[in-house]
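Could you build all of it, start to finish, from the sequences and the hints given here?
Here are the chains, one letter per residue:
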Amino acid sequence: MNELLILAAIATPLLSMPLVFFAGRRWLPAIATVPALLAGLLVPEGVVVSLPWLLLGAYLQLDGIAVLLLPATAFVWLFVAAWAATREADRLDDPAFRLFFLAAMSGNFLVILAADMVSFYIGFAMMGLAAYPLLLRPGQQARFSARIYLAFTLVGELALFAGMVGLYAASGSLLFSDLGATPVPGITLALLLIGFGIKVALPGLHFWLPLAYGTAPIITVAVLSGPMMKAGLLGWLRFLPAEADGLMEWGPVLMLLGAAGLVLGVWLGLVQREPRAVLAYSSIAKMGLITALFGGALKSPAEAAPVAAALVLFAMHHLLVKSALFLGVGEWEKRGRARWVMAGLGLLALTMIGAPLTGGALVKQGLGTAIAGDFGVLSALLTLSAIGTALLMARFMWLLTRKVVRPTLTDSIPAAAWLVLLPVAFLGPFTPFVITLEVAGMLPLGVFLLGLAGMSWLNARWPGLWARGRSGDALTALNRVLQHARRRLPTPQIQYGRLQVALIRPETLPAPQGTLAGPGLLWLALFLGLLAATLLPH
Amino acid sequence: MSELLWVLFDLVLAGLTVGLAWVAVATRELRRGVLLFVGLGLLLAVIWARLRAPDLALAEAAIGAGIAGALLIAALRDEIGVSAEPEDGYTASRRLVDLGAIGLLLALSWGLLDAFLLSDGVRLAEGVAERLGESGVINPVTAVLLNFRAYDTLLELAVVFAAVLGVLSVGPARPALEAGSLVLTGLVRWLVPILVVVAGYLLWVGAHAPGGAFQAGAMLAAVAVLLRLGGVAHAGLPGTAATRWLLVLGIGVFVIVGLSVMFADRAFLQYPGDIAGVLILVIEIAATLSIATALALAYLGGRPVGWEADCDSPQHRVNRGAADRGGDA
Amino acid sequence: MPDVLALVSIALAIVFYAAGSIGLLRLPDLLSRLHALTKADNLGLGLLATGVALLAGDLVIGIKVLLVWVLVLAASASSSHLIARYSMQAGNRGHGE
Amino acid sequence: MTDLLVWPILLPLLASLLALVFPRRGDWIGGMASLAVLISAAWLVHSVWDNGVIAVALGGWQPGLGIALRADGLSSVLLLMVAIVALTIGIYATRYFDNAVVRARFWPLWLLLLAALNALLLSGDVFNLYVTLELVGLTAVALGALGGSRDAIVAALRYLTIGLLGSMAFLAGVVVLYAAYGTLDMVALASVVEDRPATWVALMLMTLGLLVKSALFPMHFWLPPAHANAPAPVSAALSALVVKVAFYLVLRLWLDVFTVALHPATAWMLGLLGAVAVLWGSYRALRAPRLKLLAAYSTVAQLGYLFLFLPLLAGLPDGPAREAAFGAVVLFALTHGFAKSALFLGAGVIQQRAGHDRIEELGGTARALPVTTFVLALSGIALIGLPPSGTFLAKWQLLAAAVETGQWVWIPVVAVGSLLAGAYVFRVLGHAFAPGDRDGSALAAGREELPALALALVATVVLGLAAGGLWGFLDFAAMSPGGAR
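As they're listed, the protein sequences go chains A, B, C and D.
With this note's numbering, letter number 494 in the first sequence gets 494, and the count goes up by one each step, no holes.
With this note's numbering, letter number 53 in the second sequence gets 53, and the count goes up by one each step, no holes.
With this note's numbering, letter number 76 in the third sequence gets 76, and the count goes up by one each step, no holes.
With this note's numbering, letter number 426 in the fourth sequence gets 426, and the count goes up by one each step, no holes.
FYI, nobody ran anything at the bench for these hints, they're computed from the structure.
These numbers come from a predicted model, not from an experiment.
C-beta: ideal position from N, C-alpha, C; glycine also.
It is possible that part of the hints are untrue.
As the list claims (entries may be wrong) - A few chain B residues that face chain D, going by a derived Cβ cut-off under 7 Å, partial list only:
(1) Thr-27
(2) Gly-127
(3) Leu-155
(4) Val-159
(5) Ala-162
(6) Leu-165
(7) Gly-252
(8) Val-253
(9) Asp-265
(10) Phe-268
(11) Cys-311
See below:
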């Protein structure tokens, strides 16, 4: 029964894909999440499903990580789908959109449940690639963003695939549980780093993120920033077990990259003018922190286990909050500064920064406890992240109050879905931590309030100061380069017309094109080469 | 002495063949090339005769030089405004192709030389001679073509069939020539019966002497070519329905004979020894008719008038004009 | 005796063929070249056929060879006629043009 | 029992004759014949599964004097693929050719092509192989010219010429073989061939001919115009089947017949050409302005992958790793066969509905033809090599074999090729999902869209998920006369 439920979690969205072509199935994606949610809530930890005949042998497992992530992920997918289902203007009325929405959903569940590399990769690829059509929207800018996303995703998936082959060659097994025993070659590690680094938007690999978050439909961003992005972290946890040999020296590398991401995200986020963009850079900052913490775990394998556990909780919290935030932005875009929308977003911002009595405070506390040992640097990073996030959220809220949006909608049904998601996100992972009112927890709250006040003051003092902030960073430049390159790249016009001059008749050709020298020489070379190759050994 | 003379003759023959082939390819005027090609076919027929392969000599003369030449000349007639002027870069590319050809030739010679050094001389021929008695015919070539390796021949008939299907699908037939002069029509009237008789003779004699379906078919096709030149538009072909039947007759009879022996618990095409000769003759007659029809249609250069009148349901008839001009979906 | 006759006949045939070929190469215009050619075809082939039939010394083969000669006669006469006719229609009136 | 070998050849051959004689019954005759071929192919696979290699001496004459037909795992699996693809394409063609006159021209040629492909796959005699190659080539050319446009006829003529060049080279090789060893039967040849000049020259000539036919770079130039200008059902068959059987012969000759003469250097050279084909074909596909041209260039690239396996197979010692790589190349060929035919059929649907197949102007296709867009996406997944398609598994084995043999060179080739494939597939999808002015019902035309969908699903889902059995089957039913397997 449990096994069936786990299978159903992945199979239901897949099998309901053909149904999208029948009209009036807007609730289909929401319903398809139910088995996953049930599996996450009802199935006990440790259940394994073996399908040795499938592909290279597929194994699913609800382990300690999945038991936390699956319900949260399913929950988010359910409410995002429900939120969009009743909204006329959103794209769930497009069968193709629903199709890829379901594919991405199924892939996401598979990533969480996979116990072997190939299954994980399948889920990862399905999720990543299905998101591409979900990002598409009318308009040049949206097309460009989607294409950049696709390019990064393809590179990432390829790197992951190559890394996987390397791991397989080293360990001889596809199961994650067998990976700890063998040393991982450096090149493989680098490939995995790139593969997952793109998903978690490490600095340098992050270009796709602000673009995509800026232009995509809000439901896509909600699932992309929440559950799908966490697959990167999950990948690291699965593929690079901290106890494996040869990973220790990579710890500092990851820490450094993570710290850079944190700084970059905060820095660039603060100068954005669009609420979505602020959230996008906040994601980069948060994933930077996660990366740094994971690097710390790799560096000291002995204390890795509690860090990893705390990271998973952290990820679970972040995926709930980020999705809810983006849905809230969607409400805000449609309704303007309605009082209840602003209140809800404010609550989410509070839990994001880890204000006391929120789920955010809980996970931060958990992280703080886990790295209490000799992770001096990490503690500093954690504090830095707290301050940075607080500032970003202040910027976010401030932008929301400043920007004028003309309300276009008055219906309330989709809002209900958001309002259900909201408290769950606010209270976070519901772990049996004791909610304590710590003085340290007050720090980000103070920064948040101070930031809001400071921004208002600065704006009053120098009007227009914040208007100079840019949207996006290196991407604008990249875009220019790409546009330029597109114009400059010639389409190769190598024609083999002359070969028929010799072979058929010159008259049948429309016009002389090129010469035969190329193909003729190639043919000759091929001929001589084959001959030489046959001669060589004798 | 006479041995030496023959060697000399062979050398001259070989040199002439290579030279003629070279010139035929190298000439820049297509008409010249075609005429030289016909000459080359005749030369090849002589070579086959010298190699004591009269069957091949006959086939080469009839098909390689005769029908193929007629086809090429007919194709040439359709090409209006063919430019014979060499284009820039043509020489360079030609030289490269020449080089490639020479390279291939050298490699081939090397391989063949080594093959002859290696070979112990045991070939298919010994096996054929041994089992000839069981084949139902006396001519070893016919035995190989219609019995030992009959399957190859079946597929070769299919190749001819494919070629004619291709011809039929590309476009309508060339317009017929106007009626020829008195001398020409007189000659045609005089030659046609003789050629038909010769074709029948070649077919019949195939069982024990050089000859057979391909040669006879080519001879019948020559009748069609002559008729067409003499101004007979349908070139002696019957109505379209009958022509369709004639086209498929060869392969059809072949396959049906091959399959019907399987009811007697034999392999495909395993003729019972006592009636093998009769079966082979039946197949050869059918094949001759099909080959002749196919070659005649190829000479017409496309679909004869009214070919597709019975293809479609009435509502599509209107489109046929467009389809005949080669346009379709 | 028949051998000698055959050899003589073949030798004569060679002479006719040579003359025809030289004529083909040397004569100035199409009609005169045709004239030379038909001589070679008709008489040359006829003598050759006689020689070969004599050498074979078999009546059936002799008749077959004779048939070949007759067919070639008819064909070459007709085709020469056609070529000449075509050339006339194309505006060639012969004699040194 | 062994008679069942002749049915896949004779059934379509007879049907082709009937389709010519009864032009108005073409759909019916063609459909029934395709179905019958499918049944006989399935039956054949089943028998090979039960008994291993099946052979029949035609005419009752022992091979050497007569001709033998043989079916082993490799050929019977490919035969089944041909039968399935042909049936679906046939169903599609009844709708695609809406003009009964053109359909009357299509059916005899189509059935003849089917017979020729099956004859080639089952043949056990090198001269007979030459005849079947000619038959395949001629019917393919005639089918390619069926469109009737000037471009199509010029491309078909070029295809014909180059095809003849290829078969002539093959025939020359056969001549050398016969002169040296006095037999044409492949099993007999495998046991007598020696490692000496005659064999090298024969092998080289035959391979050269087959390279032209299988359009390996740099001999690929004839393929894109021919495949892009033919009618969609024909393009599908050309790309999915006709090119594939030439590669099958390369595999058959090198791994079964000429094993003794197979040297790593030769295999490396073909692998290098394959690598260039992968990169060049993918790049040209990315730059192609038309969907069918893209599909044609993608065929060039995908055939390159097949040739990449040769140096790996040559480098691997006998054993499970080599068997895995051998299974992978077959799986790759099968998946490509299904995926590429699906892609061409999808392109045909778009071309007929929109009046063109220019990629830049595909906007709105996703809304107007969702099923066809889905087909494009599915076959794209198989072309890129994403899971769960069969190509994914094949590429996995390819990389694993490259690691195993230390031939690291191929890994970046596969990587870049896959990236380019991803780029060109998503380029199409990106344009297809762009908004346009057309809108349509979910299923525009069942008889056109469903065959394509079925093929795409087989490529992407069935072959990937159920590929496990393939390895066992190939291993069990290997011919292995002189071969190492």
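Going down the list of hints, with the structure as the test:
The restraint placing B:Thr-27 at the interface with chain D is violated, with a minimum CB-CB distance near 18 Å, outside the 7 Å limit. The interface hint given for B:Gly-127 is met, as the beta carbon of that residue sits about 4 Å from the closest beta carbon of chain D, less than 7 Å. The interface hint given for B:Leu-155 holds, since its Cβ lies 5 Å from the closest Cβ of chain D, which is under the 7 Å cut-off. A cut of 7 Å between beta carbons decides the hint on B:Val-159: the least distance to chain D is about 5 Å, and the hint holds.
With its C-beta approaching chain D no nearer than about 4 Å, B:Ala-162 sits inside the 7 Å limit, and its interface hint holds. Here the hint on B:Leu-165 is kept, as its CB sits about 5 Å from the closest CB of chain D, short of 7 Å. The closest approach between the C-beta of B:Gly-252 and any C-beta of chain D is roughly 5 Å, which is under the 7 Å cut-off, so the hint is satisfied. Of the supplied interface hints, the one on B:Val-253 is violated, with its beta-carbon coming no nearer than about 10 Å to a beta-carbon of chain D, more than 7 Å.
Checking B:Asp-265 against chain D by beta carbon gives a least distance of about 10 Å; that is not within 7 Å, so the hint is violated. The criterion of a C-beta within 7 Å of any C-beta in chain D is met by B:Phe-268, whose closest approach is roughly 5 Å, and the hint holds. Nearest Cβ of chain D to the Cβ of B:Cys-311: about 4 Å, under the 7 Å cut. The hint holds.
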